[in-house]
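Novice: Produce the entire structure from the sequences given, and follow the hints as far as they go.
Residue numbers (the numbering used here), protein chains in the order written: chain A, 1 to 167; chain B, 1 to 603; chain C, 1 to 104.
These are computed hints drawn from the structure, not numbers from a lab. Computed from a prediction, not measured in an experiment: that's the story for all the values here. Hints may be right or wrong, so weigh each one.
For lysine-lysine, the following DSS-like pairs were computed, each having C-alpha atoms within a straight-line distance of at most 25 Å [as the list claims (entries may be wrong)]: (1) A:Lys27 <-> C:Lys57; (2) B:Lys358 <-> B:Lys497; (3) B:Lys357 <-> B:Lys429; (4) C:Lys91 <-> A:Lys27; (5) B:Lys27 <-> B:Lys107; (6) C:Lys89 <-> A:Lys27; (7) C:Lys57 <-> A:Lys133; (8) B:Lys107 <-> B:Lys156; (9) B:Lys70 <-> B:Lys187; (10) A:Lys112 <-> C:Lys57; (11) B:Lys27 <-> B:Lys156; (12) B:Lys156 <-> B:Lys23; (13) B:Lys360 <-> B:Lys187; (14) B:Lys497 <-> B:Lys426; (15) B:Lys70 <-> B:Lys164.
Now the in silico label distances, taken between C-beta atoms and shown as ranges [claimed, not checked]: (16) B:Ile561 <-> C:Gly61: 55 to 63 Å; (17) B:Ile561 <-> A:Val69: 52 to 60 Å; (18) C:Lys57 <-> A:Ile11: 22 to 30 Å; (19) A:Ala118 <-> B:Ser568: 26 to 34 Å.
Far from chain B by the CB rule (all over 12 Å, computed), these chain A residues [as the list claims (entries may be wrong)]: (20) Val8; (21) Gly45; (22) Leu48; (23) Phe61; (24) Val69; (25) Ile107; (26) Pro117; (27) Ala118; (28) Val149.
Where is the CB? At the ideal position from N, CA and C, for every residue including glycine.
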Amino acid sequence: MGTAELVVFFILATVGIFSALVVVTGKNMFHNVLFFGLFLLTIAGQFLLLSADFLAMVQIFGYIGGIVVLILFAVMLTRKITDAEVEVSAGKGILSFVIALLLLGSIFYVYKRTLFPAAAELPKGFSTAAIGKMLLSSHVLPFEVVAIVLLVAVVGALAIVREEIKE
Amino acid sequence: MTYVWFIPLLPVLAFLILTFFGKKFSKGSAYLAIGCIAVSLVLSYLAFFSTLGHKTFHQSFEWFSIGSFKVAVGAAVDPLAALMLIIVATVAFLVQVYSMGYMHGEKRYSWYYAAISLFTAAMFGLVLADNFILFYSCWELMGLCSYLLIGYWYEKPEAAAAAKKAFIVTRVGDIGLLVGIIMLYLKTGSFDFNTVFASNLGGIATVAALLLFFGAMGKSAQFPLHVWLPYAMEGPTPVSALIHAATMVAAGVYLVARAYPVFTPTALYVVAIIGTIGTFGAALIALVQTDIKKILAYSTISQLGYMMIGLGVGSLTAGIFHLMTHAFFKALLFLGSGSVIHACHTNEIFEMGGLAKKMKITTWTFIIGSLSLAGFPLTAGFFSKDEIITTTFKEGHYVIFLITLLTAFLTAFYIFRLCFIVFFGKPQKKAKKAHESPSSMTTPLIILAVPAIAAGWAAFSFGSFVYFKHPHEAEFNLPIMAASVAVGLLGIALAWKFYYKGWISDQELLEKMGPVRTLLEKKFYIDEAYSFLAHKVIVGGICEGFAWIDRNIVNRGIDSIAWFFKWSGDEVRFSESGELSGYVLVAFGSLALILIYLIASIL
Amino acid sequence: MTGAMQLNLYLTLGLIFFCLGIYGVMTKRNVIGILMSIEIMFNAANLNLIAFSRLVKTNFGGQLFALFVIGVVAAETVVALAIILAVYKSKNTLNVDKINLMKW
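Specialist: Following this line, the structure appears as structure tokens:
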């Protein structure tokens with residue numbers, strides 16, 4: 001990795017961590033959602049750094065363009081005038097922090113101790129074509145299944161929401 | 001002599017029939033019971049005369065066994081048993097005849113005869129028993145019948161309470177008896193009389209003997225378990241005559257006599273001491289009693305003390321001899337008192353008086369009984385009492401000797417006090433309408449008067465009939481005889497002076513006695529002591545203590561276990577609280593812990 | 001910079017995001033906030049996948065996996081939001097503590 005890549009990585013990392021922090025600790029839902037979008041953007045950037053161009057695009061179009069919008073809608077639909085969000089009890093907060101820290105520490109330790117095999121050379125060309133080929137040949141089954149899952153999800157969501165509307 | 005088995009069985013039959021079909025019989029129930037006892041009576045005399053001819057009988061069957069533990073049912077007739085048989089049979093028969101008149105018109109008439117039959121059967125069984133288990137069973141059965149009969153008029157709360165008291169106090173004694181029996185069994189491996197008495201008991205003999213005696217103390221109303229007997233007078237008078245004069249109270253004496261081989265000199269000494277205390281104390285209390293039956297009750301306690309003294313100083317013959325004479329004259333006295341009560345409808349002697357003119361038979365038979373009790377020369381009581389007094393002197397127990405003499409004086413005094421107040425003097429309110437009792441009641445009185453006098457003449461041969469280890473020569477120690485006669489006559493004379501001649505009235509005498517009078521009237525506060533013991537100590541102290549332990553410690557223990565489960569449930573409920581954050585917390589927390597645990601192994 | 005160090009970098013970053021997501025899930029009261037925290041966790045996982053794909057086994061398998069992950073996540077988010085909306089309609093609150101039918 002060249003220096004430029006490193007710098008970009010760190011910038012993206014910083015922004016990402018900051019955004020995630022805001023999402024996780026923030027009180028204002030709108031801000032949370034927006035920062036969530038920012039976070040997703042930085043992830044997309046990381047993907048690009050890792051030569052996953054197709055996925056980066058999918059991230060941006062699908063995640064940010066779809067899910068963030070969806071969440072935004074949900075937030076707007078469930079907005080209350082008095083948006084008093086009860087803070088967690090101090091005990092729970094500290095406990096959660098400790099647990100998260102413990103997890104962090106332990107898994108990090110595992111990483112440190114593990115010797116991952118090094119990679120060969122870089123893959124050739126853009127990934128889009130390769131992924132597309134794989135999707136329709138060797139991984140066609142998961143592809144179809146995911147498609148059905150999405151279908152079921154949409155139908156299910158409609159079903160859930162529809163009953164409410166009937167009232 | 002196989003017929004002896006029928007002696008207890010016939011009354012049992014009467015009991016069973018009367019219990020189940022008594023209602024149909026009503027009047028006839030008396031005849032059924034009396035019929036059965038009459039047959040038993042005849043058989044008893046037959047057995048007795050066989051024994052006189054030096055025949056004994058022993059037959060035993062196995063009743064049941066649990067593994068190697070065998071229980072047998074057996075009948076053994078030896079001179080002692082045969083004597084007891086005729087005593088019991090005679091008195092029981094006469095009492096049952098008497099009851100026809102006394103209990104006339106009572107409701108539950110047939111039940112009365114059923115209970116008396118059962119009691120008689122139990123007493124026969126006791127006398128004939130050849131092993132401790134059978135003996136103890138009959139012993140307990142008698143206790144039960146006593147309870148039933150004392151509480152015959154159970155509508156009266158005093159009667160019910162008296163029955164309970166009798167049962168409970170004798171039960172206390174029975175515990176000692178049972179422990180004694182078990183001790184003997186553990187040592188000798190058998191309940192059979194012959195086996196136990198023949199074996200070497202070593203060190204436990206004294207303890208076992210004293211335990212057996214403890215049971216005898218209960219049944220024979222020895223100090224301090226005597227408290228039930230005066231209260232037992234709540235029962236019908238024939239019951240008092242049978243159970244509390246002649247038979248059941250004699251069972252304790254019989255037990256000591258039967259188990260004589262077990263009694264070490266130490267144990268016998270204790271028996272004598274207890275007898276002495278009882279005889280003297282009871283005589284004192286009898287001096288101030290005003291209820292005719294209570295006087296006789298205390299007299300019984302006193303005379304039983306005499307018997308125990310006799311046994312205790314080493315003369316089985318003397319004790320049993322007195323048992324026999326006492327059975328007759330005491331039954332006579334009780335039945336006589338029953339006649340008086342029946343006529344005057346009261347028990348209080350100061351409400352009677354001058355009955356001699358109106359109830360001739362009762363009066364003179366009663367006086368005969370009193371003379372016998374007082375030890376008037378040539379009566380039965382004279383011979384038997386004398387034998388005991390002589391033995392105490394002979395065996396060197398001088399203190400006991402003096403006390404027996406003193407008690408003889410008191411005995412004569414109190415019984416003639418009774419006689420003079422009841423039969424002579426001016427008739428008091430209740431006595432005015434008195435008339436002689438029916439023949440069903442007076443006939444037994446007359447019949448009993450005979451052995452009350454004559455039984456004493458058996459003194460000459462008694463010693464060779466009933467004895468322990470070797471025949472007992474009839475001893476006549478003239479100076480002692482003179483002393484006891486003198487003492488008896490003195491008592492009679494003093495009573496005559498006080499009550500007949502009216503030297504001092506009873507009231508003045510009591511006032512002169514001052515504080516002593518209260519002591520005696522309160523029966524030495526023994527009842528109060530028991531009440532205190534029972535209520536404050538046992539119930540208040542021990543029972544309360546255990547109740548406290550149960551409430552606080554046991555209950556708290558159980559409660560804390562329950563509380564623990566509730567608490568843990570409360571805590572665990574957190575996992576099902578429905579709070580999402582809670583679930584998540586637990587989930588991730590567990591994950592973290594598992595990870596750390598796994599990593600720790602490669603640390 | 002060696003491949004291992006590079007990998008470590010990405011993995012650590014992913015781990016940080018993951019733990020942030022966990023913290024958010026345990027902490028947030030707002031249901032949608034929790035949802036977003038879960039999304040962060042998913043993205044962290046994806047990052048790991050892609051990193052491995054690029055730096056360890058380079059056959060686009062990781063990227064494919066990540067693609068499927070995005071697809072499934074999308075489906076799940078849709079359903080979750082539908083449920084959230086339905087719950088909001090009946091309970092009129094998004095506070096996860098209050099959406100509790102249990103007694104205690």
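Novice: Indicate, hint by hint, whether the structure satisfies it.
Specialist: Status of each hint after checking the structure:
| no. | hint | verdict |
| --- | --- | --- |
| 1 | A:Lys27 <-> C:Lys57 | 41 Å, violated |
| 2 | B:Lys358 <-> B:Lys497 | 23 Å, holds |
| 3 | B:Lys357 <-> B:Lys429 | 15 Å, holds |
| 4 | C:Lys91 <-> A:Lys27 | 21 Å, holds |
| 5 | B:Lys27 <-> B:Lys107 | 11 Å, holds |
| 6 | C:Lys89 <-> A:Lys27 | 22 Å, holds |
| 7 | C:Lys57 <-> A:Lys133 | 18 Å, holds |
| 8 | B:Lys107 <-> B:Lys156 | 14 Å, holds |
| 9 | B:Lys70 <-> B:Lys187 | 16 Å, holds |
| 10 | A:Lys112 <-> C:Lys57 | 19 Å, holds |
| 11 | B:Lys27 <-> B:Lys156 | 24 Å, holds |
| 12 | B:Lys156 <-> B:Lys23 | 23 Å, holds |
| 13 | B:Lys360 <-> B:Lys187 | 58 Å, violated |
| 14 | B:Lys497 <-> B:Lys426 | 16 Å, holds |
| 15 | B:Lys70 <-> B:Lys164 | 33 Å, violated |
| 16 | B:Ile561 <-> C:Gly61: 55 to 63 Å | 58 Å, holds |
| 17 | B:Ile561 <-> A:Val69: 52 to 60 Å | 59 Å, holds |
| 18 | C:Lys57 <-> A:Ile11: 22 to 30 Å | 28 Å, holds |
| 19 | A:Ala118 <-> B:Ser568: 26 to 34 Å | 53 Å, violated |
| 20 | Val8 | 32 Å, holds |
| 21 | Gly45 | 28 Å, holds |
| 22 | Leu48 | 31 Å, holds |
| 23 | Phe61 | 31 Å, holds |
| 24 | Val69 | 25 Å, holds |
| 25 | Ile107 | 7 Å, violated |
| 26 | Pro117 | 19 Å, holds |
| 27 | Ala118 | 22 Å, holds |
| 28 | Val149 | 24 Å, holds |
Against the hints set out earlier in the document, violations occur for numbers 1, 13, 15, 19, 25.
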